[in-house]
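Fit chain L with the ligands to the given chain P structure using the hints.
Spelled out, the chains give:
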Amino acid sequence: MTPSIEALGLTKRFGKTLALDGLDLVAEAGQVLAVLGPNGAGKTTFIRAVATLVQPDGGELRVAGHDVRREPGVVRSLIGLAGQYAAVEPTMTGRENLEMIARLFGQSRRDAKANAVRVLAQFGLSEAADRLVRTYSGGMRRKLDLGASLVGEPRILLLDEPTTGLDPRARIELWDAIRELVDHGTDVVLTTQYLDEADHLASQIVIIDHGRAIAAGTPTELKQRAGHSVVEVHVREPEDIPRVASALAELGDGEPQIDEATRRVSMTVPAGTAQLIGDLPSLAAVGPALEDIAVRHPKLDEVFLALTGQSLEQPAGAAKRRGREPAPVA
Amino acid sequence: MAIAAPALPAAPAAHRANLTSSTFVIAKRGALKFLRTPQLIVVGTLQGAMFLLIFRYVFGGAISSGALSYVNFLVPGFVTSSVLFGGMGSASAVAEDLQAGFIDRLRSLPIPRSSVLTGRVVADMAMLVWSLIITSAIGFAVGFRLHGSVPAALGAFALCVAFGFAFDWLFIALGMISGTPQAAQGIGFMVFPFTFISSAYVPVSSMPGWLQSFAANQPVTMMVNSVRALTQGQAAVATLGHPAGYFVVRSLLWAAAMVVAFAPLAVARYRRG
Ligand SMILES: Nc1ncnc2c1ncn2[C@@H]1O[C@H](COP(=O)(O)OP(=O)(O)OP(=O)(O)O)[C@@H](O)[C@H]1O
Ligand SMILES: [Mg+2]
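Chains as they are written, first to last, in the working numbering: chain P, 288 to 617; chain L, 14 to 286.
Next up, chain P with everything else stripped away, as it sits in the complex (with noise of 0.2 Å):
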C-alpha cells in the first residue's frame, strides 16, 4: 500500500536555521505516526510542509503517493490539519465554524449542515453549538479545531500537539477521540513532546531532533534499543541513594538517573531480565534499605536520553521560548 506520508532528506531552511535537516520518515498507511522531539525540533515545520504550508528546499515529500510541490490541489483535498494552536473563529458559533470549513471543502450547504452536526456530536459539542467561540474554554476550542479537521473528511489526519494545553481529563478525552478515528480507517500523524502521548496512540514512532529523524520504530522496538530493561530502586533513606547508584552502575554502560525528590534511583541496562536477577544479588549489601526493587521495560524519555544524550522533559529552557507552559505530563 502507498504510504500516507513519505519524507526523503527533507530540508527546510529559515534564515540561519535549519528547521528541517534531511529528515526522513515513513508513515504508513492504516496506522497512527507520532513525530516526537522536543521544542524547536522541526514538528511544526515537517507537518507545515506535509499541509503545502511551505515548500520546502530540498528532499522529497509526498503524500499519498502525491508530491507536495507538484501536485499541492490534490495533497490538500486528502488532509485535515489542526495546528499547533486552534484556529477556529472566536466572533462565531461552533456549528458555524464548521459548517464554513465544510462548505471550503466543496460540500453543499444541505451536506456542510449535517457533517457539522455529526461533528459537534462526536467532539461533545452538541450543546454548545450555538455559542460563540469566544466564550468557549481552551479545551473546546481545542475539540473544535479538531473537529474542523475533520468535517472534510480527511483521508490524513495531521495534528501538531494536538493536547498541548488541555487539562489531564481533556487530554485523555481526546486520546479517545483520535484512536476512535483511526479505528474507522482515518491515517493519523500527529507530533508531541509528551512521549506518554506517542506510547498511547501511535504505532510507529520517528523521534527528530534538530531537523532530523534520529531513531524510528514501534513503541516496543525503539525501548528495546535503548536498552532491554530499567531496574528502578526505591530507597526508604536518601542517605542510601549513592550507595545504591553505585551498585546499580555496575549492571550497565550509563549513569544510572537520580531522582532525590521521590527517592528513586534507575538504571537502564542491557541485559535482559533473566540475567538480571544473577546481577542483583550485588544489591544485597544495600537490601535492608531498600522500599521496593522493579524490572520493567524503559519509558520513552528514557529511550530519548539514551538516544540523545539529553533530557526530554527538559529540553533547555525551551518550554519557555515560546511562552507557553507545556500540559503536566500524566
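Any given hint could be a false lead.
[As the list claims (entries may be wrong)] The following label-pair restraints were derived from C-beta to C-beta distances:
| id | chain 1 | residue 1 | chain 2 | residue 2 | range |
| --- | --- | --- | --- | --- | --- |
| 1 | P | H471 | L | A270 | 50 to 60 Å |
| 2 | P | G425 | L | I67 | 37 to 47 Å |
| 3 | L | A229 | P | D417 | 46 to 56 Å |
| 4 | L | P125 | P | H497 | 29 to 39 Å |
Worth flagging that the hints you see were computed from the coordinates, not collected in a lab. Here a beta-carbon is modelled for each residue, glycine too, at the ideal position from N, C-alpha and C.
Frame of chain P, contents of chain L with the ligands only:
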C-alpha cells in the same frame, strides 16, 4: 465521545469549492466578525463623528476654504479619509489571522488560494460601503449639502469605494508583512500624515511651500478633491482650480498604481506563507 468517521477518498475535483463560493464563504466570515464586534463599530463611528464635530465647529471657523463653505469643504475630506482609517483595521485583522493560524488553515484547504485574499477584499468592501453610508449621513447631519447632480454624487460615492479597494491592497500587504496585529497597527499610523498633509481638512495653499508640493499631488488630496468637485459643482472648481475630470483621472491613476504595486506584494507574501 462516539466517533463514526469513515475515511473517504479525496473529494473529486468537480466537487471542490470554486473561487466564487469560497470567496463568498470567507467574506461572510469577515463580515460576521465585524458585525459581532459591536465595540469596533460603535467606537469607530463615535471617533469619526467626534473628529468631524471638532473640525466643523472648533477649527472650522479659523480655516478659510474659498468659495466653499467649510462644512462643504470638510465633509468630502472627512468621508475620504474615513476610507483610510477603516483600512487600518483590515491591516491588523490580516496580521491577526496570519498569527492565529487561521490563514494557514485556509491555505491547507482544497480551495483556490486566491480566494483567501479575494474573500478578505469582498468583506472589506462590504464594510466600507456600510461605513461610507454612516459617515456621509453624519456629514449631512452637520450641514453638508450637495451642489452638483445626483449622478455625480453617486459617482463620488463609487469613487470612494474604488479608493477603498486600492487602499485595501495596501493595508492587506501591510498586514501580511508586519507579522503581528500590534505592528500592523503601528505601521498603520502612517495614515495620519497622509490624511493630514492633504487637502482633507485645510486647503493645501495654507501650508508652507515645501509641504505643498507633496500635499498637492499625493493620492489623498486627489481623491478628496475629486469628491469635492463631484459633490459641490462650480464652487469647488473655483476653489480647487481644476474641473472634476482633472482630479478624477489623477485619483483613479493613483488607485490603479496602488493596486498594481500592492496586490502582487500581498499575493506574493501570502504564497510564501
Ligand atoms: N517562520 C519561521 N521563521 C524563522 N524560523 C522559523 C520559522 N518557523 C520555524 N522556525 C525555526 O525552525 C526551528 C524548528 O521550528 P518548529 O516550529 O518546526 O519546531 P517544533 O518542533 O514545532 O517546536 P515546538 O515544540 O516549540 O512547537 C526552530 O528553531 C524555529 O525557531
Ligand atoms: Mg511546533
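Hint-by-hint comparison with the structure:
1. P:H471 x L:A270: 50 to 60 Å: holds, 55 Å
2. P:G425 x L:I67: 37 to 47 Å: holds, 44 Å
3. L:A229 x P:D417: 46 to 56 Å: Holds: the Cβ-Cβ distance is about 55 Å, inside 46 to 56 Å.
4. L:P125 x P:H497: 29 to 39 Å: holds, 37 Å
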